[in-house]
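Peer 1: Sequence:
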Amino acid sequence: MAAAGQVLANVNVSRYLSAVLVVGKEEVWRAFDWLYRHHTRHQQPRLYVGEYLRGVQENNTKIKKTINAADSKALHRQEDPAKMDISLLYKLLQHTCGLAADTPEFAWNKPPEDAAQQSLEHWLYRVKEIRNEVSHEYAALINMSDAELGTRLDELSSLLCKIVQSAGRRSARPDGEVKAAVATVKEKLTLVQTSMPPSAIRPEEFALEAKKELGDQWQGCTTWGDHLSPPLLRWAVEDQEVGLSQLLQGLGEKPPQVVVVLGEPGIGKSSLCWQLLDGWLQGDAHLADAAAQDLVVLVQCRHIFTRDLTRLLTEELLPRTCRRCRPEEVLELLGSLRVLWLVDGFEEATADAKSVVGRLVGLCDRDHTVLLTGHHDYLEEMAATLAAVPSLVVCHATHFGLTESGFRARLAGLVEAGEGCGEPPWGERCAAFAREVAALSPLLLQELYSPLKLMLAVRLWEEGRLGEAAGAPLASLYAAIQDALVTKLVAKLRAKNSLTEGEARDRVRRWVGGLCREGLDMWARGCFVTLDAEAEQRLEDRAVELMLPYTDCFSTFLGSSVGPGRATHCFLHHTHQSVMAAQHLHTLVLQGGEVQQVKATLLPGPDNTSLDRFLDMLIHVATGLAAEGSLDEKRAGVLAGLLEQCRFCQWLEVVRRTKCCPAMVRQAHRRLAGMWEVNDNTLEAAAALVAIGPPLAIFISLGRDPRDNPVLQELLRCLSQSSAEVTVKALHCFLYGFDPVVPLYSTDHLLHDLCGPTSACHLVYFHGFLTGEGCRLLHRHCSTLHCAFVGVMDHEALARVILLSHQAPHLEMLQIHVLCSLDAAPKKSVPRRVNDCRVSLMQVEEGEAKKAVELICRIGHSFSAITLNYVMPSTTCNMLRAFKEMKVRTHSLGRWTKFRFMDLIVLQHLHYFPLPPPPEFTPRLIYKMWNNPNIECQLTVTLTPGPGQDATHPAQDQSPARDTGCS
1 MAAAGQVLAN
11 VNVSRYLSAV
21 LVVGKEEVWR
31 AFDWLYRHHT
41 RHQQPRLYVG
51 EYLRGVQENN
61 TKIKKTINAA
71 DSKALHRQED
81 PAKMDISLLY
91 KLLQHTCGLA
101 ADTPEFAWNK
111 PPEDAAQQSL
121 EHWLYRVKEI
131 RNEVSHEYAA
141 LINMSDAELG
151 TRLDELSSLL
161 CKIVQSAGRR
171 SARPDGEVKA
181 AVATVKEKLT
191 LVQTSMPPSA
201 IRPEEFALEA
211 KKELGDQWQG
221 CTTWGDHLSP
231 PLLRWAVEDQ
241 EVGLSQLLQG
251 LGEKPPQVVV
261 VLGEPGIGKS
271 SLCWQLLDGW
281 LQGDAHLADA
291 AAQDLVVLVQ
301 CRHIFTRDLT
311 RLLTEELLPR
321 TCRRCRPEEV
331 LELLGSLRVL
341 WLVDGFEEAT
351 ADAKSVVGRL
361 VGLCDRDHTV
371 LLTGHHDYLE
381 EMAATLAAVP
391 SLVVCHATHF
401 GLTESGFRAR
411 LAGLVEAGEG
421 CGEPPWGERC
431 AAFAREVAAL
441 SPLLLQELYS
451 PLKLMLAVRL
461 WEEGRLGEAA
471 GAPLASLYAA
481 IQDALVTKLV
491 AKLRAKNSLT
501 EGEARDRVRR
511 WVGGLCREGL
521 DMWARGCFVT
531 LDAEAEQRLE
541 DRAVELMLPY
551 TDCFSTFLGS
561 SVGPGRATHC
571 FLHHTHQSVM
581 AAQHLHTLVL
591 QGGEVQQVKA
601 TLLPGPDNTS
611 LDRFLDMLIH
621 VATGLAAEGS
631 LDEKRAGVLA
641 GLLEQCRFCQ
651 WLEVVRRTKC
661 CPAMVRQAHR
671 RLAGMWEVND
681 NTLEAAAALV
691 AIGPPLAIFI
701 SLGRDPRDNP
711 VLQELLRCLS
721 QSSAEVTVKA
731 LHCFLYGFDP
741 VVPLYSTDHL
751 LHDLCGPTSA
761 CHLVYFHGFL
771 TGEGCRLLHR
781 HCSTLHCAFV
791 GVMDHEALAR
801 VILLSHQAPH
811 LEMLQIHVLC
821 SLDAAPKKSV
831 PRRVNDCRVS
841 LMQVEEGEAK
851 KAVELICRIG
861 HSFSAITLNY
871 VMPSTTCNML
881 RAFKEMKVRT
891 HSLGRWTKFR
901 FMDLIVLQHL
911 HYFPLPPPPE
921 FTPRLIYKMW
931 NNPNIECQLT
941 VTLTPGPGQD
951 ATHPAQDQSP
961 ARDTGCS
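Residue numbering for the sequence shown follows my numbering, beginning at 1 and increasing consecutively.
Because the hints were derived from the structure by calculation, they are not lab data.
Mimicking DMTMM-like on lysine to aspartate or glutamate, the simulated pairs with C-alpha atoms at most 20 Å apart in a straight line are:
no., residue 1, residue 2
1, Lys-851, Asp-794
2, Lys-212, Glu-133
3, Lys-83, Asp-33
4, Lys-496, Asp-552
5, Lys-354, Glu-380
6, Lys-729, Asp-753
7, Lys-186, Asp-154
8, Lys-492, Glu-545
9, Lys-354, Glu-381
10, Lys-659, Asp-616
11, Lys-496, Glu-347
12, Lys-25, Glu-137
13, Lys-25, Asp-80
14, Lys-83, Glu-51
15, Lys-179, Asp-33
16, Lys-492, Glu-540
17, Lys-492, Asp-506
18, Lys-659, Glu-684
Turn these sequences into a full structure, and let the hints steer you where they fit.
Peer 2: So, in C-alpha cells, the structure goes:
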C-alpha cells in the first residue's frame, strides 16, 4: 500500500514507463556496447566514446549541433554509457558505431513501408521516438487501458528483439549470446506487464509528473506572452553574441555549471527565464539545450521566504508532484535527473533566498545547471555566493534587450493585439507607431529595445503623448520610466520599514533630484555617463541623510560597469544623463534664473562661449515647460536666449517640440533666418510662424502623402499672399509612383492652394505629379520657375509642361516623368536653352519600344538623362536600336531603383551608359546588365561630433548608388 499522502498514478502508465525507460534503455545500451566495441576493435587502448566522438566532430562540424549541453556534460565527465538516456545513446549509435549515415537517400526517420526492407537504423529511430513520446506526451498516457498497454508492449518487444538480433549479427556476437539476449528482453517485458509496480516513484516518472504540473501552473499566466520576444545576449568575456540555443553550452569545451545573466531593470531577464521554461515545456527544437533537460524549475528570488530547499519544493514549486513521495526523497530523486534551475532576480533576494541559491549551486556537482539573473550592482554578492562551491565552472552573459525580430514581435504584440509581426508593412497601428518613432531621435529607438521602455512608449503613444503630440517624446518617455522606477523603489522601502506612501515617495524624489543635479554638473564640466568618486560619495551621503538604502537607489536608477578596481555607477548613456540633467535645469528656469545666470551654471569655466552640447537639454526643458503650461514669455525668452547661442539650433523643431506654444513661437520668429526648411514634422510649426510673418524663402519637402492635410493647405494659402520664394517637393508620390501596383495621384491641389488668382509668392522649384489642370496653374509662375520635376498624368499635362519650358525664362532644369499613354503627340519639344533636360518612362511593353522612342524624340533629341523603369531587358534592347536610328543622345541611360537605407526609403538613379553606347557595350552584355543588376551603394562619412564625443564616431551620409552590371 502507498504511504500516507502519496497519490498513485495509473498502474499501466507506470508499467509502460518501466518498459521504455528501464528495459528499453538497457537494450539500446546493449546494442551500443556490442557495436561500439566491434567498430573500435583495432584501437589499443580503446578510447572512451566521448573522446572518440570529439575526433569525429573535428571532421564533421554538423555533428556538434546535435550534441546539447547536457550531453556534453555527461561525456566530459566520462559517464558510463550504461547509465545514459536513450536519446544520447541514439546519437552515439549514429556517429560512433559505423552504422549507415543519415542522408536524404537513406533517412533513419523514414523507414520503408515494407517491413522486410527496414533495418537496424530505422528500429533505433522508432525506439527513440517512443522514448520522446513518453517524455513529451505524458498527459495523453494517463488513462492507459490493459489492451493499449498490451499493444504498446508488443510493439516495443518486437523492436527491441530486432535491434538485439541485428546488432548481434553486425558485431559478430555468438548466436547463443544473441538468443539469450532476445529471451531476456521478452522475460523483462512480460514481468513488467504482469507485476504490480512499487509505490515509490522513479526519477523519470517524477520528472514527467513535475513537467505536467509546471505546464498546468504556467498555463494562462498573465505575463506568459512576454517570453515570445527573443533576447539579445552577449558573453561578457569575448563580447560575442550568443543565442538561447547556445546559452547553456558556454565558451569552453566544458559546459558551465552556472550561467550568470546580468542586465538593467526591465531589460527582459525574467522574460528570458520564461522563454527557457516554455521552450522546455513545449519541446522547442530551437532550444535544444533546455528541451534536453529532464526538469526545468523557475525560482523567483522575491518569492522565497524559507532556507529549506525541500520545503520550497514541496510547498511552493512542485507541491502536487512532491506528494507522490516522502519529503526526504525529493532531493534524492532530483539528484538522479538533469535539472536546469532558473533563478530570477538575485537583486531582490533576501537572506533566505541567498541561502537557497547557495544550496542550488551546491547541486551542480551532479547533473544540474543554474541560470542566475540579476543586476550588475550585485555581481560581487553573486560571486560570494558562488565561491562557496570550489572549482565551479561559471560563464557570464550580458542582456542587451530585444533582437530586431524580438522588437518587431513585441511591438506587434503591444499595439496590434496579436496581429502578425512579419516584415513591414505591419498592421496599421504598428506602422503608425513606427512612423512617429522614426520622426524622433535615433537614440530613442535604441532605448525601445528594452521591453519595459517599449511598453511605456506604446502606453504614451496610445495616450497621444508621444511624438508630435507629446512635444517632448524623450523627456516624456524617461519621465514615465522614472515614475515606474520611483514606484518600484518606494515599494521596496515600505516593505522594510513603516514609512507612509507619501513619506517614502518624497524621500526618493529628493534623492533623484540630487542625481539630476549631479548629471547637470557633470555635463557642465564635460564629464559624461560615468559618475566620478566624488559624485558617488555625495549621492551615497544624500541617501544616508534621507535614510534610504543607497545600494537600492544606485541599482534602480543607474547602470554600472566593473573595471579592475571597484564597480562604478553610470548613466545608461548620454541621452539618459541629458534628460536627467534637464530636470535640474528645468528647476533652475522655473525659479526665475536669467540668461546669464543660467549660462554661468552651465558653463562655469573660462571658456563659456558655446552652448552647443546643451542644445538637446535646453529643448527638453522647453518642451517640458510647455507641456505643463509653465512656458510664459519670460521663461521662453530665457530659453530662446540660451538656444540662440547654440550654433545648430533648429527653431522650427523647437516650436514643434513645444507644441507651438505662443510665447516660444514669438521668440523663435525673432531669431529665424530668412530661409526656412520645412518637412512633414514641422508643417504645423511653420504655419504658426507664418501667421506672425512670412520668410524670405521657404523649402517644403513632403515625404508623406500630402492629400487631406489642412495644416499644409493653410500654410500654402498664407505663403501665396506673401512675396516669399517657395520650393515645394512632393516626394511621396515619386517614392511610391515608381511602383506599378500603387495607384497614382496628382498633386494639383498643392498648386490650387499656392497659385490662386491673387497669389503673390514666387514659386522657384516644383516637384510633383500633375494633370493638365495642375500644369495650367504652374504656368502662372513660369516667370519665376527655375526647376521643375513633373510627372505628367495626361497628354494635356505633357503639352503644357513643354509649353512652359518655352515661356519660363529662368528654367534651368526640367525632368518629365511620363505617366500617360505613349501615343501623345506634343507639337513642340523642349528648347535647347534648358540646360538640364531629363525624361523618364515607365512600363514600356514589348510592342511599344519604337513608339516610346518616338515620343522621346518629340520631347527632345538631347537629354542629360533618360531613365526606363519596369522595362524588360528585351524591350530595352529594342529601344536601343530605335535610339540609334533616331540619333537620340544622352549622357546617362539608366533606371530608377527604390531601396531602404537604414530606416529611410531612398529613390536612386542608376547610371548604365551614355547614348550612343560605347563599343564594348554589346546587346548581349546590355541584356545581361538589365536583367541581373548588381547594385553597389557607396557611403561617405561626415564627422559630426556631438556632446561628449570626439570625431572618431562618424555619422553616415549617403552618396549616389551605381549599378555595376554583371561585374
